[in-house]
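Asker: Take these sequences, add in the hints, and give me the full structure.
Below are the chains, spelled out letter by letter.
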Amino acid sequence: MRARVFVTLKRSVLDPQGKAIQGALETLGYPEVEEVRVGKVIEITLKDGERSAARARLEEMCRRLLANPVIEDYRVEFEAEPSGARETEPTSAKDPA
Amino acid sequence: MRARVFVTLKRSVLDPQGKAIQGALETLGYPEVEEVRVGKVIEITLKDGERSAARARLEEMCRRLLANPVIEDYRVEFEAEPSGARETEPTSAKDPA
Amino acid sequence: MTPELIAAHGLTAEEYRILREILGREPTLTELGIFSVMWSEHCSYKSSRIYLKELPTQGSNILQGPGENAGVVDIGEGLVAVFKIESHNHPSFIEPYQGAATGVGGILRDIFTMGARPLALMDSLRFGPLEEPRNRYLLSGVVAGIGGYGNCIGVPTVGGETYFADCYSHNPLVNVFNLGIARRDRIFTARAAGVGNPVIYVGSKTGRDGIHGATMASESFHEGSEERRPTVQVGDPFTEKLLLEACLEIMKTDALVGIQDMGAAGLTCSTVEMAARGEVGIEIDVARVPQREEGMSSYEIMLSESQERMLLVAKEGREEEVLSLFSRWDLDAVVIGRVTEEPKLTVRDRGRVVAQIPVAALTEDAPLYRRPVSRPGWLDELGHLDLQEIPDLRDGNESLLRIVASPNIASKAWIYEQYDYLVRLNSLVLPGADAAVIRVPGTSKALAMSLDGNGRFCYLNPRQGAMLAVAEGARNVVCAGAKPLAISNCLNFGNPENPEIMWQFAEAVRGMGDACRLLGTPVTGGNVSFYNETEGNGIYPTVVIAMVGLLDDQTRVLTPWFQNDGDEIFLLGPFREELGGSEYLNLFHHLVAGQVPSIDLEMEKKVQGVCLQTHQAGWLLSAHDCAEGGLAVALAECCIGGPGEPRGARIHLEGGQRLDGVLYGETPSRLVLTTPPQRSPEIEALARHQGVPCLRLGTVGGTSLQIRVQGRKGAINLPVAEIRRAWQNGIHQYFEEQSIRDGLRGRIHG
Amino acid sequence: MKFGIVVFPGSNCDHDAYRAIREGLGEEARFLWHKDQSLGDVDCLILPGGFSYGDYLRAGAIARFSPIMGAVTEFARRGGLVLGICNGFQILLEAGLLPGAMLRNRALKFVCRFVSLRVENRNTPFTHLCRPGQILKLPVKHGEGNYFADPDTLRLLQERDLVVLRYCTPSGEITVDANPNGALKNIAGVCNEAGNVFGLMPHPENASAEILGSVDGLFIFRSIVSSLKKRSDGYQVA
Ligand SMILES: Nc1ncnc2c1ncn2[C@@H]1O[C@H](COP(=O)(O)OP(=O)(O)O)[C@@H](O)[C@H]1O
Ligand SMILES: [Mg+2]
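Chains as they are written, first to last, in this note's numbering: chain F, 1 to 97; chain W, 1001 to 1097; chain H, 2001 to 2750; chain S, 3001 to 3238.
If you're looking for bench data, these hints aren't it; they were derived computationally from the structure.
Nothing false has been slipped in among the hints.
30 angstroms max Cα-Cα, derived DSS-like pairs, lysine-lysine: (1) H:Lys2412 / W:Lys1019; (2) W:Lys1047 / S:Lys3035; (3) H:Lys2252 / S:Lys3002; (4) W:Lys1019 / S:Lys3185; (5) F:Lys10 / W:Lys1019; (6) H:Lys2445 / S:Lys3137; (7) H:Lys2483 / H:Lys2445; (8) H:Lys2606 / H:Lys2445.
Since the structure is predicted, the reported quantities are computational estimates derived from the model, not experimental observations.
Answerer: Here it is in structure tokens:
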């Protein structure tokens, strides 16, 4: 069973990294980008088991270790759900320019 | 329009941070965790427009800036799609221990 | 205004009554917020001011004492050293990485605000025992945060100090020091002047971060404090680097009248203090302030503690020049108001007045308390120590290996290797010595600096503890071959409303003042951090002294480490055995008790004088201060602490009452010196002439450290490699695996 | 000889490189602003250490798009000597001027310490004054110095002798313990196939004066000067 944990900065917290990336994208010719925020995604492979129990455990892991509750929010998702969210497969970037 | 770009280390690249988290989770009493890998999620807010064009632009951003093809893969997703993937709402962690 | 609202702003009913009287009306919410931060302990020093006034602040080379953003000391050749130490205890407890990082950001701004280029950082840290995972997490996060900010902006962290004790478990201390160099004729002050001159905001946009930071730093922790978390600020060292370079560049022109960083209480404090110093008024419109979030109120904008912002007053007509310079550095810069004649702070929001307060009401007329003091009754009991009841040491070897591995004494390399201590090419003595030394660019001079403070001593005897801290600071600087110049200080205490805490504070300030007077090192500034307690458990009263000294010749730097086989080893200073408050008693007998070692400041001064004189004469090869762990630890450090291979030594000591007292007693005013053998008679003669005890201890050589004590068994004979291993592992052992895990949290740049 | 030192926003060893060139080496140096389009008449380019753009996203990722990078690439293409130190190395990797990529240090911590480095290739303009197997003592100070290359690239690096420096013990052995960051095969510095672009994680500028405890960094700077002198006088770049 695979889960993804998203750890993102709270909205009100300054994200200097996001700001810098946005600036870079603008210079590179992407004026359509209005805001960029950077977070972590933690992909966790779990021994198979019941999903709802796993969720509770994962959320506990978030509170105890994975997220820093002072400045971050977290969210748990399971992979391989029947979902329209994953439109593309992982892509190996080829062309660095 | 909001998109999420996932940038993750290629499978062939060692992820010491993931390893460390896994070790920590094990010590904290989560033996069910088999593997952990850490990546970035870059949330991008775009001016509204056509999705397929936006996707092409986002993938270009990934190739040019957001991912380093030597070590990373990327994937683009759009948010707010009718999807079962988002099961929980962002949660503000409360318990720091 | 409801009583709840007033209380939530940290104001007492009486303070509120005075506030209304001053205004002659009810305050607006924005005004209440402004009063609340300006009258907070953090900004107003209402409990401490009457004591701090008594400190010696004058000296022939002191150009700026307390009152500006940092102290300024003349170092000759048209240059000045600008330095200051600040606490960031509360924010670091709530969020160690960001709390420590923004502490570094803040102290850097204090220095470059004055026109100085920051050249050296140091940090003074206190945590609970490393056995506790939470303390490891805090230490990891704080160290990563200090490094994260300092390394990125490119200011070396050249030294510091770190201690562990139970009392810091729920209240870690993070004090950061910065020193910069400026030209004497180009010092800037935080004064507004010139009616009509533009007031300019530069730097990062204002967000909702840190609102109430100053009031938070002015109250104790209790259950629920963690709920205040959204006030945590995130540092952006990259933006600060741009801000630093841009500010130093604009300072080369004559467009500026005054400049002030926005630290605690942000826009409020900077506007008020600039107006107060210049005896003028300032009028701003918050709508012009660059904002990061939507819908911010005037209250929030005035109280925000967003980082990396500065406030400038420029000459009228020079606006464009200033704004365009900052835009070249990709920084926001906006004229947000003007200097006015009437000494009032006027805040508008799209033209509408939302606050108007006489400047004096926020500064001079802020409350001032002579809080009740009372000497704690428990001190007598603590002071009592019957050594008869404590068995003397039997196995010297085992004890030495154990004490050098105690985290309070062990190598701090695990910490300082996370800091760039080399950038800018000035670092002459790296972390690990008694004092750090940097060369002063463009001259042949160098500056030595040290942070010192033994909380245990201050706890047992605050007055004496503070004196000991000043003396140790001066001694550390002397060990580098420098002449002590002046201090800055950080006073970390519990709740001042508790008369016992207030007594500790009063005593400590007195002790610090006396020592500074006698040693000729005036106080150029500092910082008071009260309310360091959680659920009523206070910390040791912790006085941290930042001592700065000057070397005229940067090629004549002294280090603590033994140099050559055959060199002769001396102990300069008194030979006593005082175990009260020692690391030994704490470690081996779990005792924090006894009389702290007595200090004779006249003797201290003479010891330092002899050291400097013999160094001047070129007779010294090394000098090391005896501090925590006493003589045996000092000798071990001389053998193993240097960057090269460890060196052995053979030592012979005469008599003494107890073996542990001789080896580990912490009598102050003592230095371990080495000289080439042919210089021994000269050193002895000079010391005798000055009335300073000088004992020949032995010689450098071999691969083991042997310490024999006449008439006693169980002395020390250990391979230096083994001692070094124990010393290097003391802190490291807690982090082999854990470091990674504990360090994870609190890091956002994953 | 004239060294050009590129200043990116967030560079912080620019000044150190400048001082090392002027005071340690006694040569000329000048700063080049990242927004400049041309390099002027410099003989060697240095991309200094620091945290360009705060190291946000990835070290060097944003800086490599600076306006000046076009001219830097052109300069390198024509055979001009380019030295990337630490963050400068990371920028060269991101720009594709050198092979490989940087990962975070194995211990996930910033590390600042003097290390020993074995000179693996003396046939470069940057190292030819070193003795065979010479061991240099230079400091590292970085959080992302864990060099990585895929197996093909690694093979190429080894076949073509592009590995210039490796972390080693003081006596010259290549061991795991001597590796401060987990870099693949203890690689501390690599050059391109033409040999005119060199990137390294350690800081030679921090070992450029006796008073700083080591002058080993001067071997690299002096090699550059001597190879520039050896090149034909008519040699032109930029
Ligand atoms: N937090 C720290 N940051 C940087 N350096 C530190 C820190 N803690 C200790 N050090 C360094 O470790 C050495 C030993 O510190 P300390 O035991 O306080 O020395 P001393 O007793 O001589 O004052 C000093 O060189 C000091 O600069
Ligand atoms: Mg000390």
